[in-house]
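Each chain, letter by letter, is given below.
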Amino acid sequence: MKNFRGIVSAVIAISTGILVLVGYFIEIPIFINLRGILLGWAVILAAAALFVGIINMLMVHSAKVRMKQQGSIYSLVLIISLVITLALGLVLGTEHQIVNLIFTSIQLPVEATLLGLLAISLAYASIRLLRRRMNLLSIIFIVTALIVLLGTVPLPFGEIPSLGDTIRPFFSQVLAAGGARGILIGVALGALVTGLRVLFGADRPYGSK
Amino acid sequence: MNLTTIAGLFLVLVSAGLLVGITYLKRRSTIHVRQIKAFSRLRNAIGRAVEDGTRLHISLGHGGLTAPQGAASLASLVTLRRLADMTSAGDKPPVASSGDGVVAILSQDTLQASYQDATAGGHYDATGGRLTGLTPFSYAAGAIPIMHDEQVSANVLIGNFGVEAGLLVDAGEREDSFTLTASDNLPAQAILYANAQDPLIGEELFAAGAYLNAGPAHTASLVVQDILRWLLIIIILGGSLLKMVGLL
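So the protein lines, in turn, are chains A and B.
Per my numbering, the first sequence starts with residue 1, numbered consecutively.
Per my numbering, the second sequence starts with residue 210, numbered consecutively.
One should not assume that every hint holds.
[To be verified] Covered stretches of chain B (chain A as the covering partner; in silico rule of three or more C-beta atoms under 8 Å from a C-beta of chain A): (1) 286-298; (2) 363-371.
[Claimed, not checked] A few chain A residues facing chain B, derived, Cβ under 7 Å: (3) 22; (4) 31; (5) 32; (6) 33; (7) 34; (8) 38; (9) 55; (10) 70; (11) 120.
No lab work stands behind these hints, which were simulated from the structure alone.
Ideal Cβ placement from N, Cα and C applies to all residues, glycine included.
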């Protein structure tokens, strides 16, 4: 039974993938329409999955509260916040002033704070980098970061000659952009073969082996 | 059909042909891949986790399958399955966190399938695969307590991460646990290079399956990527040369 379920899942996944791919490359109306319908279903399923994910989140945190695990007070705060926000959103609508206020006065400042923490964490990590991995690449990394920073920020004693207008652009627009494109090409090739493996059923990220 | 579409179709067909052909040819022979220290350390960390009775935390990123970052999420799910199989002998099952509803459900499905294969249909705890937040930073904020509170000895951050990956790595290091990181996002890769002990750069994210022995198709993928990479290098150099002599 389990094998049969696995085969059905694989057949659905592979045929759907092939139909969407054919609809992208071959401009025959039936394939284009089919592709649009399948992608529409995918979007609806993704929205439903979001709801399931939120229920899962509630299950995890309510279990933490019930079993009085470490940090269960934070789980309680999360559950109360989630229920209040959900209720307000459902009753007042997502465009209501109060619902917007929750996002602009709670969610955004909290995320901005985390971004600020990240800046400190990164500054510390850069200092530790040479101690942790003392090699040529780490030195190049630190030197490049310093040159780009010094060429970008306003300095109290004025600009360093030719750093901001010649050296920094050369590093960021020639060397870094070239390297970034190389990495992106590698990532794109990796993404392509990963998609093909799923299409051939060699990878089945939907439970079956 | 315009030229870009024809080129895209050609690339897909050539890659598909190469992948099928090389997978078939290499089933009986071994392909030697270069050593990546991060994967050797990951194997050691898995062994330690199984012996200590501690847990593996696999963070799958916040990219969805319907977004362009879907391939990174697919690669992360394959890695999750392989890691779940490798730790099936341990006392504690791995825990997976993600920032997307679809990936969270698929992670549960993957863990359940692995658990049921290992225990011949035993009961699976549905909280093994978790959605920890829906925005990048809330996802990170939700995943950090897993590292602190759930006896995690190794973290594998693999998938689509943004700059918030820096916070996750920092939390892992504070717990003195092994942390392997891989993202398809460029700013995240720069942050992970500075922050993490074992960062994977570029397409190494998609090589995880091959290094964790997920099957011949994964090893063949590496060969296909190498062939395509050389093909692109030749095309880029040829194009530059033709441009220089004024033929393009």
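Tested hints:
1. Counting residues of the stretch 286-298 of chain B whose C-beta sits closer than 8 Å to any C-beta of chain A gives 3, which meets the bar of three, so the coverage hint holds.
2. Three residues within the 8 Å Cβ limit are the bar, and the stretch 363-371 of chain B against chain A gives 0, so the coverage statement is violated.
3. Of the supplied interface hints, the one on residue 22(A) is violated, with its beta-carbon coming no nearer than about 10 Å to a beta-carbon of chain B, more than 7 Å.
4. Violation of the interface hint for residue 31(A) is found here, the shortest Cβ-Cβ separation to chain B being roughly 13 Å, above the 7 Å cut-off.
5. Checking residue 32(A) against chain B: minimum C-beta separation of about 13 Å lies over 7 Å; hint violated.
6. Given hint, residue 33(A) at the interface with chain B, is violated; its Cβ is 18 Å from that chain's nearest Cβ, farther than 7 Å.
7. The interface hint given for residue 34(A) is violated, since its Cβ lies 17 Å from the closest Cβ of chain B, which is over the 7 Å cut-off.
8. The closest approach between the C-beta of residue 38(A) and any C-beta of chain B is roughly 11 Å, which is over the 7 Å cut-off, so the hint fails.
9. Contact between residue 55(A) and chain B, as hinted, is not supported at the beta carbon level, the nearest pair being about 9 Å apart and thus beyond 7 Å.
10. Interface restraint check: residue 70(A) against chain B, minimum CB-CB distance 5 Å, threshold 7 Å, status holds.
11. Interface hint at residue 120(A): violated, since its Cβ lies 10 Å from the closest Cβ of chain B, which is beyond the 7 Å cut-off.
This entry does not satisfy hints 2, 3, 4, 5, 6, 7, 8, 9 and 11, going by the numbered hints stated previously.
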